[in-house]
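Visitor: Okay, here's what each chain looks like letter by letter:
Protein chains: 2
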Amino acid sequence: MQQGFKEMLRKAGFRATPGKVALLELLQDEVKPLTVVEIQKKLRQKQDTVTLYRSLEALTEKNLLARSELGHGHAHYELSVGKKHHHHLVCTSCERVEDFSDPSLETALIKAAKNAKAFKSINSHSLELFGLCARCS
Amino acid sequence: MQQGFKEMLRKAGFRATPGKVALLELLQDEVKPLTVVEIQKKLRQKQDTVTLYRSLEALTEKNLLARSELGHGHAHYELSVGKKHHHHLVCTSCERVEDFSDPSLETALIKAAKNAKAFKSINSHSLELFGLCARCS
DNA sequence: TATTACATGCAAAATAATTGCAAATAAATA
DNA sequence: TATTTATTTGCAATTATTTTGCATGTAATA
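For the record, the sequence lines run as chains A and B.
Each residue of the first sequence is one higher than the last, beginning at 815 in this note's numbering.
Each residue of the second sequence is one higher than the last, beginning at 815 in this note's numbering.
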């Protein structure tokens with residue numbers, strides 16, 4: 815898949831640097847959005863914090879990554895290419911995060927976006943459900 | 815309405831302090847979620863920053879306020895009592911925020927929440943649509 | 001291989017949020 | 001109304017998160 819990520823980066827206007835490739839590979843193996851600190855740990859400090867922030871920002875801008883705010887006071891990132899569009903269930907007690915998706919909800923969202931007359935275009939959306947996970951309740 | 819807020823605070827287990835009452839009154843007059851800094855300016859520095867953070871946290875916990883993350887890297891707060899449940903349209907160019915609500919979307923959301931079997935209970939949700947407002951596009 | 005524009009690392013700083021503790025005060029009680 | 005008590009507040013300090021400037025390094029291109 816390494817080759818795929820390299821090509822993907824170039825198509826998006828980036829250089830296929832080891833750092834960015836490693837970042838994408840790392841996120842590919844994750845099932846939930848990671849914080850900057852979590853990503854850093856998994857990369858074993860091989861990348862400067864500033865570089866990581868800049869990469870995350872740039873890749874998010876080009877929609878290779880998706881940023882989500884889960885009410886924890888810091889951003890979370892996940893790979894957005896090659897993944898089914900989904901939303902998040904967030905446990906307000908332990909911060910556990912699970913993905914979920916719902917076809918009829920998706921339909922309703924697209925319809926709602928079309929009705930948003932105050933805006934000319936809707937490019938993305940984020941939806942989080944907050945509650946208690948099975949373990950915490 | 816001051817009396818109403820005082821009672822509301824006591825019912826939620828708080829003291830009806832001038833600070834908290836002023837905070838609720840301030841947010842009542844707003845049509846969009848405010849950041850901590852914006853709230854501070856409007857309160858004219860009559861409250862310590864720490865106290866403000868603590869009040870916002872506590873009132874959000876009791877659902878008198880609603881916190882929303884709008885992709886700006888910091889929290890936003892608005893009054894949740896006495897307001898119709900709604901979501902946000904966020905302009906990714908100028909950061910303009912508009913409310914919107916959609917009954918059929920709401921139905922779909924509630925249904926989706928019920929199907930979230932991984933979680934025992936869903937207490938709240940937040941939905942933001944990101945795009946370009948009429949002025950920016 | 002040489003060139004060039006993009007990417008990275010380091011230092012520093014800006015922004016955002018939290019903690020501990022003593023003093024102040026709202027609410028309950030006498 | 002005076003007293004008591006637990007909550008709330010303010011201050012100082014700290015931690016966490018993100019950003020900026022600039023010199024150096026490196027991927028892509030010719």
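These aren't lab readings, by the way, just hints derived from the structure by calculation.
Since the model is a prediction, treat every value here as computed from it, not as a measurement.
Careful: at least some of the hints might be erroneous.
As the list makes no split between identical chains, a pair holds if one copy fits it or if it spans any two.
Below, computed lysine-lysine pairings styled on DSBU-like, alpha-carbon distance capped at 35 Å [said to hold, decoys possible]:
#1 Lys855 x Lys934
#2 Lys897 x Lys928
#3 Lys856 x Lys934
#4 Lys897 x Lys820
#5 Lys934 x Lys825
#6 Lys860 x Lys931
#7 Lys931 x Lys855
#8 Lys925 x Lys860
#9 Lys825 x Lys855
#10 Lys925 x Lys846
#11 Lys876 x Lys860
#12 Lys820 x Lys876
#13 Lys820 x Lys931
#14 Lys846 x Lys928
#15 Lys925 x Lys855
#16 Lys856 x Lys931
Visitor: Against each hint, give a clear statement of whether it holds in the structure.
Guide: Here is how each hint holds up against the structure:
no., hint, in the structure
1, Lys855 x Lys934, "between (40 Å within a copy, 31 Å between copies)"
2, Lys897 x Lys928, "both (24 Å within a copy, 24 Å between copies)"
3, Lys856 x Lys934, "between (40 Å within a copy, 31 Å between copies)"
4, Lys897 x Lys820, "within (18 Å within a copy, 49 Å between copies)"
5, Lys934 x Lys825, "within (27 Å within a copy, 43 Å between copies)"
6, Lys860 x Lys931, "neither (46 Å within a copy, 39 Å between copies)"
7, Lys931 x Lys855, "between (43 Å within a copy, 31 Å between copies)"
8, Lys925 x Lys860, "neither (44 Å within a copy, 44 Å between copies)"
9, Lys825 x Lys855, "within (28 Å within a copy, 45 Å between copies)"
10, Lys925 x Lys846, "both (27 Å within a copy, 23 Å between copies)"
11, Lys876 x Lys860, "within (24 Å within a copy, 43 Å between copies)"
12, Lys820 x Lys876, "within (15 Å within a copy, 48 Å between copies)"
13, Lys820 x Lys931, "neither (39 Å within a copy, 38 Å between copies)"
14, Lys846 x Lys928, "both (29 Å within a copy, 21 Å between copies)"
15, Lys925 x Lys855, "neither (40 Å within a copy, 38 Å between copies)"
16, Lys856 x Lys931, "between (43 Å within a copy, 30 Å between copies)"
Violated hints, in rising order: 6, 8, 13, 15; the structure is consistent with all others.
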